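Student: Listed below, chain by chain, are the residues.
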Amino acid sequence: MNHLRLIADWRLAFGTQLGRGTMVLLGGVALLALAVSALSLWRGRRRGHVVPLLLLRAAAIGACLLVCLEPKFEFSQVSVVPNYVAVLLDNSRSMSVSPPERGPTRAERAAKIVASAAGTFADWEAAGHRLEFYTFGEALAPTTRATPPLPKADTTRIGEALSELRTRFAGRDLGAVIIISDGIDTGRIGRGPIDADTRKTLDALGAPVHTVFVGETQLRDLSVATVLADDFAFVRTPVKLVAMLRHSGLGGRMVDVSLLRDGRVVDVKAVLLTNERAQETVTFDFTADHPGNYVFEIKTPVLTGEALDSNNRQVFTLKVIRDRVRVLHVCGRPSWNQRFLRSMLRLDPNVDLVSFFILRSDTDEMPYGQGEMSLIPFPYKEIFDEQLNSFDLLIFDNFNFKPYWVEPYLPGVRAYIEGGGALAMVGGDLSFASGLYGDSALAEVLPVDLAGIPTDGPGAYTTDNFRPRLTAEGRSHPASALSLDARINESRWAALPPLVGINRVVGLRPGARALLVHPSQKSGDGKPAPVLAVSDAAKGRTLALLTDSAWNWGFEAAGNGDDGRAFQRFWDGAIRWLVRDPALTLLHVDLDKVEYRRSQVVSARVRALRADYTPAAGVEVSLELRAVESGESGAPLRAQKVTTGSDGEAHVELAGLEPGAYRLLGRATMDGRLAEERATFVIRAEGHELDDVIARDEVLRELASASGGDFRAGSLASPSVKPPRKVRVGSLRTVEIWSNPLMLLLAVALLAAEWTLRRRSGHA
Amino acid sequence: MLVGASRPARALGDLSKFRFLRLRLADLPDARSSALRRLSWEIERRTSLVALADPIELPISSPDLFRYPLCLLSGDRAFALPPESDLARLRRYLTFGGCLWIDSAEGRVGGGFDESVRRLLAAVLPGDLPKPVPDDHVLWRSFYIVRDAPGRVLLPVRLEGIERDRRLTVVYTQNDLCGAMARDGFGRWEHNVSPGGDEQRERSFRFAVNLVMYALCLDYKAEQAHIDFIMRTRRAQP
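Chains A and B are the protein sequences, given in the same order.
Per this note's numbering, residue 14 is the first one in the first sequence, and the count goes up by one each step.
Per this note's numbering, residue 1227 is the first one in the second sequence, and the count goes up by one each step.
You can trust all of the hints, since none of them are fake.
Derived CB-CB ranges, DEER-like:
hint : chain 1 : residue 1 : chain 2 : residue 2 : range
1    : B       : Arg1390   : A       : Gly432    : 37 to 47 Å
2    : A       : Asn478    : B       : Glu1310   : 29 to 39 Å
3    : A       : Pro595    : B       : Glu1425   : 56 to 66 Å
4    : B       : Ser1420   : A       : Arg337    : 42 to 52 Å
What the hints contain is simulated information worked out from the structure, not anything from laboratory work.
The model shown is predicted, which means the values in this text are computed figures rather than measured ones.
We put the beta carbon where it would ideally sit given N, CA and C, even for glycine.
Please take these sequences and the hints and turn them into a complete structure.
Tutor: Written out as structure tokens, the structure is:
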């Protein structure tokens, strides 16, 4: 609210209806007449009384002008409208920079400038100006001169702050604007020159903008300014992660730039900083073996004397998706089961298939030379040592490892599985106990227990015909879903041709689930012998199909009038389950984005689906928020429960999170099964504010110049302030000078006196 | 794939073992009845495959037809077109993954058997005429590296086949391949092989092994790892 100060005031005005131009013309004519008169007097033969004559003529001409122009005095009350001096203090994070010798920060120096200008401020207030203090970074915010600004804003938007100031002062007068800043603008001005919008704003402010630069002449800093990486990548497709390093005052130093994934260093590159270049580029090549949301960090060491240590790292996410499922199919002997599986996989556009089949052994006769055969040595080392991690799924199809020098690599295969890989073991006389897997490194990750099962003969496998029975677990499991409809699924399984023989097992391993069981055969634990079983193995999954006659579900079923797709559907579902196809997940935790600014609210959508993929209402979902670097052990940072609505969805918002990488873990039990889903996101702290903390004065100079203000470094001094505006608010009294009869008499008297004096002096 | 060890051949029932099926048509007797047994023996001897020695002979209408994805149609004379129901069943057999090996025992080009075969194929797979198998087809290197498909004779004809879904569903050998493999109960070859004699007979066996391996492994040998190795070994040869 404006507080007006009233004062008495008067002014001279003209009552004539003549326009301004006419009045100027009259004035000009009067001056011309006076000049001509003076000239004639000066050139006349007589010299007496020249000056008095000229004065009388001038007075007479003036009197005539008064009559023409109708001058008058106006007496009134006016108010002095106080104008404002807005002091804008930069509170962005770059103001926390200290000089190399560890003196006060920029923000502290800015506060000192304000404190030392107390006298100037007092003078301004005494002169009718009013002071308002603001901080600016991401937005303009009122403050007081006694409150030193905390450098915490993630951006510096000088142009936007001036626009906001203009809006705030709509209808109020600005006498001056003072900006105290390090000049690092991350808004629309950037490194300058100032943009058209800002120029318009400066004009609209109608006041000089004085800028005070708070910077250093010398600074040491190294920052990971920018990371250039795509938002997503494909599994096994190399991507480049490019980091832009900015540095100052650190020429000649060699630094190690590290790439970390989920807190673990995956690559380090040495970079030489030179004085000739303020920016260096470091490129990391990365190839993801598995899909998922990866959290990366690129960081440099904090060097001695650095202005800021929080800009030496950048955290970012990379969503890795699978373009095709890469399958390694290893088969101990050609068979129809292998053939139909291969036939299906090689035609699947979503599968990238690599196969190795044992076509002969060295005990098989070789009538002629090896060169006449197309066979290649089994590349066991290349497969199991070098390339294994490049596959999403490993299928051991009636494959016995023992004769092929694979045994030393089985611990690596187990590590591959537990690290997120998948194994499907298909039965046969070379598989499971007959393949000596009971004593192998894979025994602990298989879904079935093979301990003590004979390796050969009736104790190792059966040869009977049977129709497997779907278990309660199998009715809703993706690997045994021939149809989404439970009843149709069950009837389809019942109608398929019988299988022949199964590999015997002791039973299921802890945590494993049987999806299909033998209708009469029992396993060692007395329970129905499993035909199809699945299990989780740490981050990976395994599947055991304990027969080699499953191809009957396709080819033989087709001969019986079936659509012949059961074999394909079984493997399609099994593979998707094994490789954790996101489409099969019954619980989804979706975020609106993967990277947020600190001030933004993280919005999560929780979706629960039934086994038939219809929305699941009323499902209670436990949510835990954890920092990525702390893993999934210990107490979560936050925990809450939500219940899905009629649309199967629940919504959660997370606010007030500090910068860092987080993982939101959802858990729910649906149809008796635990479902888990994770979503990873990053809260970005500084945006680009700390990418380059070297102070720059160019923008501040330009702002001052464009607005008629002053630029100063380190002090405010006494910049100019527009005087307050006066507004007439009181009563008005007018005294008309020309309308007084004495004025007319005065004019006549002057003319008469001039005539008399001229005649007496002998002038013409 | 070549490896350094083996074990006794076993299986989870006969369905797990490879077994030849010969299609039985009413007016088409088996002219080379011992050939498939001999081929089974050779396959067991030369490869890791587990095969039942005795082939099975079934009519197209048999409910067990779809237990044997590779079947042989062989003969030395013309035969009548099977009824429509059999044609439909044979079409279904080939569509869902079966493979038909046709072997002419006529020893000549364009005989009655050949005419009947082409009529049969036109009825079963209309629009899919037999075409020469290209020289770079994986069939020529599915186990052995072979360059022709000889048999008891060596006629100036190329191996023909019908490819569907990127696989040969029909392979038509016209050199009496079974004739080169037939052996009597006393262990003697039933037919002389000309003009190449024993060397041509061995080539016939090799092609037959390739044919079975192709039926089982499809284009496995066309995968890049195999191609690279074969090219390397060929370059290494003087």
